[in-house]
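Chains as they are written, first to last, in this note's numbering: chain A, 1 to 226; chain B, 227 to 1065.
Please keep in mind that the hints were generated in silico from the structure rather than gathered at the bench. Just so it is clear, CB atoms sit at the ideal spot from N, CA and C, and this is done for glycine as well. Be aware that one or more of the hints could be misleading.
Derived list of chain B stretches under chain A, where covered just means 3 residues or more per stretch with a C-beta under 8 Å from a C-beta of chain A [to be verified]: (1) 684 to 697; (2) 957 to 971.
Sample of chain A residues facing chain B (criterion: CB under 10 Å; computed from the structure) [claimed, not checked]: (3) G62; (4) D64; (5) T79; (6) D83; (7) R88; (8) R90; (9) F101; (10) S106; (11) Q116; (12) L119; (13) A126; (14) W127; (15) A130; (16) D172.
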Amino acid sequence: MKDAAAPTPPLALEGLRKTYPSPEGPVEVLRGVSLALAPGESLALTGESGSGKSTLLHLAAGLDAADAGEVRIAGRSLTGLRDAGRARLRRDHVGLVFQQFNLAPSLTVASNIAFQARLAGRADRAWTAALVARLGLAGLERRYPEQLSGGQQQRVAIGRALAARPGLVLADEPTGALDEAASDAVLDLLLELAAETGAALLMVTHSPRLAGRLGGRAHLRAGRLE
Amino acid sequence: MNWRGFLWALTALASHWRRRPLLLAAALVGLAAATGLWIGVQALNAEARRAYDDAARAMSAAALPALVAEGGGPADIARFGPLRRAGWPASPLIDVDLAVEGAPASLRLMGVEPVSLPEAAGLALFGAGEDEAGNDADADAPPAPDYAAFTRPPGRALIAPATLAELGDALGVGAGDRLATPRGETPPLVASAAAAPGVLIMDFGFAQRLAGMEGRTTRFLLDPDAELPAAPLSDIAPDLRRAAPRAAADPAQLTESFHLNLTAFGFLAFAVGLFIAHGAVGLAFEQRRGLMRSLRACGLPAWTLCAALGAELLVLALLAGVAGIAGGATVAAALLPDVAASLRGLYDAPAPDALSLPLSWWLWGLGMSVAGAAVASGGALWKAARMPVLDSARPEAWFAAARRARARQGALAGALAVVAAGLAVWGEGLVAGFAMIGAMLGAAALALPLALGAALAGLQGLADRRWGPLAAWMAADARQQLPGLSLALMALMIALAANVGVGSMVDGFRLTFESWLEDRLAAEVYAEAEPGAAPRLAALIAADPRISADLPEWRAETVLDGAPVELRGFADHATWRRRWPLLEAAPGAWDRVAAGQGAMISEQLARRLDLGLGDPLALAGGAALPVAAIFADYGNPRGQVRLSNAALAARAPEAERGRHALRVTPPEAAEAVAAELDAAEGVSAMEQGSIRALSSRIFERTFAVTGALNTLTFGVAGIALATALLSLSAARLPQTAPVWAMGTSRRRLAAMELGRIMGLALLTAMLATPLGVALAWALVAVVNVAAFGWRLPLHVFPADWLRLAALAVAAAGLAAAIPLAGFLRTSPAALAKVFADER
Chain A
1 MKDAAAPTPP
11 LALEGLRKTY
21 PSPEGPVEVL
31 RGVSLALAPG
41 ESLALTGESG
51 SGKSTLLHLA
61 AGLDAADAGE
71 VRIAGRSLTG
81 LRDAGRARLR
91 RDHVGLVFQQ
101 FNLAPSLTVA
111 SNIAFQARLA
121 GRADRAWTAA
131 LVARLGLAGL
141 ERRYPEQLSG
151 GQQQRVAIGR
161 ALAARPGLVL
171 ADEPTGALDE
181 AASDAVLDLL
191 LELAAETGAA
201 LLMVTHSPRL
211 AGRLGGRAHL
221 RAGRLE
Chain B
227 MNWRGFLWAL
237 TALASHWRRR
247 PLLLAAALVG
257 LAAATGLWIG
267 VQALNAEARR
277 AYDDAARAMS
287 AAALPALVAE
297 GGGPADIARF
307 GPLRRAGWPA
317 SPLIDVDLAV
327 EGAPASLRLM
337 GVEPVSLPEA
347 AGLALFGAGE
357 DEAGNDADAD
367 APPAPDYAAF
377 TRPPGRALIA
387 PATLAELGDA
397 LGVGAGDRLA
407 TPRGETPPLV
417 ASAAAAPGVL
427 IMDFGFAQRL
437 AGMEGRTTRF
447 LLDPDAELPA
457 APLSDIAPDL
467 RRAAPRAAAD
477 PAQLTESFHL
487 NLTAFGFLAF
497 AVGLFIAHGA
507 VGLAFEQRRG
517 LMRSLRACGL
527 PAWTLCAALG
537 AELLVLALLA
547 GVAGIAGGAT
557 VAAALLPDVA
567 ASLRGLYDAP
577 APDALSLPLS
587 WWLWGLGMSV
597 AGAAVASGGA
607 LWKAARMPVL
617 DSARPEAWFA
627 AARRARARQG
637 ALAGALAVVA
647 AGLAVWGEGL
657 VAGFAMIGAM
667 LGAAALALPL
677 ALGAALAGLQ
687 GLADRRWGPL
697 AAWMAADARQ
707 QLPGLSLALM
717 ALMIALAANV
727 GVGSMVDGFR
737 LTFESWLEDR
747 LAAEVYAEAE
757 PGAAPRLAAL
767 IAADPRISAD
777 LPEWRAETVL
787 DGAPVELRGF
797 ADHATWRRRW
807 PLLEAAPGAW
817 DRVAAGQGAM
827 ISEQLARRLD
837 LGLGDPLALA
847 GGAALPVAAI
857 FADYGNPRGQ
867 VRLSNAALAA
877 RAPEAERGRH
887 ALRVTPPEAA
897 EAVAAELDAA
907 EGVSAMEQGS
917 IRALSSRIFE
927 RTFAVTGALN
937 TLTFGVAGIA
947 LATALLSLSA
957 ARLPQTAPVW
967 AMGTSRRRLA
977 AMELGRIMGL
987 ALLTAMLATP
997 LGVALAWALV
1007 AVVNVAAFGW
1017 RLPLHVFPAD
1027 WLRLAALAVA
1037 AAGLAAAIPL
1047 AGFLRTSPAA
1057 LAKVFADER
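Produce the complete structure using the sequences and hints provided.
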């Protein structure tokens, strides 16, 4: 729990519940999950396949709606917000990194990195250029995603997530599609840049080794955090 | 072949269609539309050609040389005996219209004398046909002449089975029944293939009575294969003169261009339909690439996989073929009245009145559907055959392959453009004209994705600078989407260009035609007397004080360079000098023609004979006349020569002299004058307003079929776009979901999707407009000249372009509506799923 003088947590989840229908009947994936992240804090979310890690991340990003409970991003509750309101909150406060990168295939590396920052009206040329250099993408700015390796594409995705200097970065298995060496390099960059911008980081991962490199760790089992 | 493997593969492949019913519908609709429109057009052509053959049979008797009464009108039958005795191979013929009580239209009555009837008349009265009971006779059986049954009461009235069936519907009559006419009943009807549709053939004696021509005959036919006697005709029958064979235009030849036009439209529709099928089959292939690799990895040989794909396509093609043929027959039946009007209006050609679809057409249609499926899926089968087993699955393979093909596509577009330009400069004739249009449309279609890509790249840069990242993404994403949409957009562009081109031609023709009619119909009333009624008409004209000028127009026919040509005589008058629409004229042209020292020729005759001003025109019966002027004569399939009446009479003494153009003062009296003249027996008269209205009606119906095919092609293009968008909608989520995740609402994304599709349609319409103008030029300057012999000025109608562009944008919006509605209904959970297990 935070006292009144503490800074607003970038993410606060309270009693989240989520049920999916299935041929065998409803499956309760999340059964009252609560957590909060302070600015600059990093937390690894682990669990078995199907334990609800991605669901929790999607609820935290406002990509999906919980059946019960509350999500607060930068102090603002998602409850009652419609699609456009949730979209604005994500645009202004959340950076997302996915396992399959999900870059815009039609945009160049430079445009992909700057995309969300420009959407949010916070494009900063110097910061974008620094990101490109720090991510080892110099010289590749005019290439398209499909012309890059998996590791390079994930670095572009990290750049896109951080270009707007969001208060919260949500990463769903960001190294799941990469080999070990590339995974380490990508995670190093993600942690370094998140720390530098003061963003809180919630990262879903299967790997205990990678989870151990984050500031904290939460394990999801049978729909509850351990 | 490993049948178990084949069936297993087929089951696995076919399961895809169950999960993608819209894709299945797209493939079926594409093939069915292609087959249906092609078969429909070909069925119309075949019916029209059958009508020409029927008419050719009916007209052959009329085209024989003949002896006719000197003053026009019927000849005295009493001359028959002396003529035959003197060795003249003459045979009397009654040839009149016969009104049948209660029937919707009159029949053409032909009364023949069967013993003397020349074989060349083509009236095989006793040949193969049907017997009295309507049963089929043995077609191979030799003719069994039964003169007695034909000539003795009650006689026989031979009638085409189709005409008998029509009369049966209207009057309830059948074989063996008699028809009631104003002058009594016909002999019993006998269905016979010897009679052309609409013709009633009977013995001369019965025909004389029904025609009210006792003691007279319309003319005596002469056997062209028999020797003529040396004794001059004037010694035996001074009141008769020889008439040359009537120069009948061959309808099949005259209408060749019309049918080529229809065929070109049919082919266009076929191609547009194949675009749909190609897109659907190609997408299904890409979506099943992983499955095919799995099948191959499990040990299925490549050729068994291809056989399974081929079998699947065969089933699709047969299903679509049946639906297409049924649809094509419906379309053809709906278009038939307009096609018939076109043939009658433009060419005065006989027109089909019913559509039949024999078994052979079904087989042909199914063959076309299978061939279309093979064309549409050839690339996919080729890729399946060459696909390496271990190549990693690449979901963007379709787009990547399209990019690799871009260079080849550009080169092919360039080559086709060169071919089109070469044909425009050096090509001659109708086929070259259509080949040029085909090459031009092909080049433009292939170049379209490249042009759109370039335009969108420019737009993306502009958007990035001016309108922000979303607009730039929208343009970039539209570029990305091009390979998947390009076939549908090509179809849309071709349909739009055809609309612009054909619309410009038709509207330009309408403008020209109306202005030309205004000039051409300078007299207030046009009257014509049947043979024998000419003196009556002349007396009526002379007695009417409202008629301020009588301008007799004489008429004869001749053959120039193997084709029929009309010779028209006219009386020199200020009316003609002021109004007659001359395209080119030598100095003093009217004076020279009036003095018999020159001739005016129609544009199509000048082009056909390659004649210019001052060139000599060789006409039988006198010295060659120099061409003094060339005039426009739209809509007339024959060439025309205009001479002074005196010059015409000197060259063609047999010229018909019953036609008069009449100036009426005051002009308001024209209607009354025409009505009074028309009431006289043997005289028909119309005031020019009625003629103009009739001509305009014919014109509109003539081009109604073109308009209908245009609309159908546009509709098929709209379906192509809708099916392409539906097919692609599932593949769109991975592109749109990340933008949504980064903070763009679904509603805004949907609006952007709509804007993108409508923008692409607008860009396509903008590119289609110059192509359509080029097509209009090709139609009026190349195809029209080759087909009809006249050239129209090129008119452009920018308001129509705007209307078409708006229509294209609206159609694109409509086509996008279903996938967009689906996108808006997509739950956030489904969108978020893209990030969880997109692949």
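Against the structure, the hints come out as follows:
Counting residues of the segment 684 to 697 of chain B whose CB falls under 8 Å from any CB of chain A gives 4; the rule of at least 3 is met. Counting residues of the segment 957 to 971 of chain B whose CB lies closer than 8 Å to any CB of chain A gives 11, which reaches the minimum of 3, so the coverage claim holds. This hint holds: A:G62 has a C-beta 8 Å from the nearest C-beta of chain B, less than the 10 Å allowed. For A:D64, the shortest C-beta to C-beta distance to chain B is roughly 5 Å, which falls under 10 Å, so the interface hint holds.
Hint on A:T79 is violated. Least Cβ distance to chain B is approximately 14 Å, over the 10 Å limit. A hinted interface residue such as A:D83 counts as satisfied when its beta carbon comes closer than 10 Å to some beta carbon of chain B; here the least separation is about 5 Å, so the hint holds. With 10 Å as the threshold, the beta carbon of A:R88 comes within range of chain B, its nearest partner Cβ sitting at about 6 Å, so the hint holds. Because the closest C-beta pair between A:R90 and chain B is about 4 Å apart, less than 10 Å, the hint holds.
Hint status for A:F101 relative to chain B: holds, with the closest Cβ pair at about 9 Å, below 10 Å. Here the hint on A:S106 is kept, as its CB sits about 4 Å from the closest CB of chain B, short of 10 Å. With 10 Å as the threshold, the beta carbon of A:Q116 comes within range of chain B, its nearest partner Cβ sitting at about 5 Å, so the hint holds. Because the smallest distance between the Cβ of A:L119 and any Cβ of chain B comes to about 6 Å, under 10 Å, the interface hint for this residue holds.
Using the Cβ-Cβ criterion of 10 Å, the hint placing A:A126 at the interface with chain B is not satisfied: the shortest such distance is roughly 18 Å. For the restraint placing A:W127 at the interface with chain B, the shortest Cβ-Cβ distance is roughly 16 Å, beyond the 10 Å limit, so the hint is violated. The criterion of a C-beta within 10 Å of any C-beta in chain B is not met by A:A130, whose closest approach is roughly 19 Å, and the hint is violated. Satisfaction of the interface hint for A:D172 is found here, the shortest Cβ-Cβ separation to chain B being roughly 6 Å, below the 10 Å cut-off.
Violated hints, in rising order: 5, 13, 14 and 15; the structure is consistent with all others.
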